[in-house]
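S.K.: Residue numbers (my numbering), protein chains in the order written: chain A, 1 to 326; chain B, 1 to 247.
Hints are computed from structural coordinates only; laboratory data are not their basis. Yeah, the Cβ is synthetic: ideal placement off N, Cα and C, and Gly gets one too.
Per the computed footprint, the stretches of chain B lying under chain A, defined by three or more beta-carbons under 8 Å from a beta-carbon of chain A, are:
id	stretch
1	65-77
2	99-110
3	115-124
Pair by pair, the computed Cβ-Cβ distance ranges are:
id	chain 1	residue 1	chain 2	residue 2	range
4	B	S148	A	F269	21 to 27 Å
5	A	V35	B	G145	34 to 40 Å
6	A	F195	B	G39	36 to 42 Å
7	B	N183	A	A126	46 to 52 Å
8	A	F269	B	R77	28 to 34 Å
9	B	E65	A	L146	53 to 59 Å
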Amino acid sequence: MTAVIRAPLGALNRALGRAHVRAESLLVLVALVVVLSILSPVFLSLSNFFNILLATATVGILAIGATFVICAAGIDLSLGSVLGLSSVTGAAMSAYLGLPWPFVILGALAAGAAAGFVNGLTVAVARVPAFIVTLGMMGIARGLALIISGGQGIYGMPPEILFLGQARPFGVPTPIFILIGTALIAHWVLAHTRFGHHTLALGDNEAAARATGIDVRRLRLMLYTLSGLMAGLAGLVFTARVNTGDPTAGLTYELLAITAAIIGGTNLFGGRGSILGTMVGALIMGVVQNGLNLLAVQAYWQQMAIGTVLVAAVWLDQIRQRGRVL
Amino acid sequence: MSLLELEGVEKAFGPVQVLRGITLKVEAGEVVGLLGDNGAGKSTLMKTVTGVYAADRGVVRFAGEDVTLLPPGERRRRGIEMIYQDLALAPQQDVANNIFLGREPTRRLWGLLPGHVDKARIDREAQAMVDRLGVRVPSIHIPVGMLSGGQQQTIAIARALTFAPRLVIMDEPTAALAVREVNSVLALIERMAADGIGVILISHRLNDVFQACSRMVVLQRGTVAADLRREETSMAEVVSYIVGAHA
Ligand SMILES: Nc1ncnc2c1ncn2[C@@H]1O[C@H](COP(=O)(O)OP(=O)(O)OP(=O)(O)O)[C@@H](O)[C@H]1O
Ligand SMILES: [Mg+2]
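Let's have the full structure, built from the sequences with the hints guiding it.
M.R.: Structure (structure tokens):
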């Protein structure tokens, strides 16, 4: 990049540094919004903004889990499948067992956390590589979801659950509140707690984390459980939105979640990342998708666009790392 | 009661027996040089002291208490600090966070939310430590990975000294340092000993060891080959133990 763009980017980056967001990703987001506003008359409206956020909510929540795990130099490929398992488990509480609505929430979250806990145990205690463990869980959770539901969607959620997915308090869809609230808490945890500091240190240099007295085993266990819990929450939101426990929900979403985290500036090899950055990454993907929809571009092109953004984001990042000026 | 007592410490990695029953004592305020050929087991032995490795057999006693089964964090809290040969720094985290790694102070956010890392205090105290040691770093806010090897080494030293240690183990702390910095580390060791801190110095630079240490322990293939007082030995004798030529 030329010095002309570098100087203002540097200033912006320092300002954003406190919020742990990279200037480049924010800049890309702003550029996209500007271009799309010019190209499509309906793009820049409050209702479309809500559309984008609503479409981003599920993947955005998954991406929070992905960010934590990737920051610790791990990976969670089971996010999408665990979302499906949680969706079915939560729905089954009400539809099969006739339990009241809080059990739908409990079931979805517990299913996610339990799957994550099993991932964590296998990674941290049995010391099987995370890639393998979560790839295995990807199949196990999906299979379990299909078994529980008999391969069918489980319809009919109680109204309290539908509120979580379909209501619009103050005109804003509930999933957006859930996404923003979760993201803010998660951001604080990663950026400002010892848990977060230790997560980044673990991803940066495991030997250093160990030597300075961080309980690496417990930390990993907690991280994968947290990741599973996020998948559970995403599963709950999904179920509430479509009024269905869907065993095929979240198929390939783990890749979208990881993509959002990486676009947002999380280092795939660990040690660096932020939740607000990931939210910017998820928004970029949401805006691209929404914009291309409005422009009536075929869905096939959307996948290409997202793929391009991903590679471009990492390329920009490497330029920055090499230059170390921004 | 000695500050540190090792009794029959053994450690194997798979089929490779690295430590074969090490017995050793270090007093408070004493500076002990730990010497030996490459691969003699010096770093491994010290990691059984910090808890990074668990000893297969034997006892590690610190300040009279058996710490053999305690994890590294608990041993650090009791005052065992080590500057690792590979430094054990987190390259993408900034200098201040590295100095406080694993020991981050927290406060309540807005007087309510507990567990908020007190970054302002970390920065303040890290800066003070860096100044006190006379470390030359551009800023405590830059990632440690951007520092030179020698600067990184001084950051690792700063981390070991920030939490009022009682025993400081230095594994080749001067390997990457320029002459001026080597001298300041040696002076630092002297000051620590005067403050009653026990110091174990691992180094291949015999001149440094003879200047700083009142006692020298030589490891040879996982056993203690010699335990010598400075006044009663010579460089030639120490070398002969290191290379295994001594009868
Ligand atoms: N994690 C490990 N796994 C397997 N073998 C190891 C491990 N750590 C050390 N060893 C072996 O233990 C022996 C002693 O290593 P150690 O690092 O303790 O030597 P040292 O005395 O510190 O040597 P140097 O002066 O080169 O630092 C070596 O043969 C080494 O290969
Ligand atoms: Mg060594």
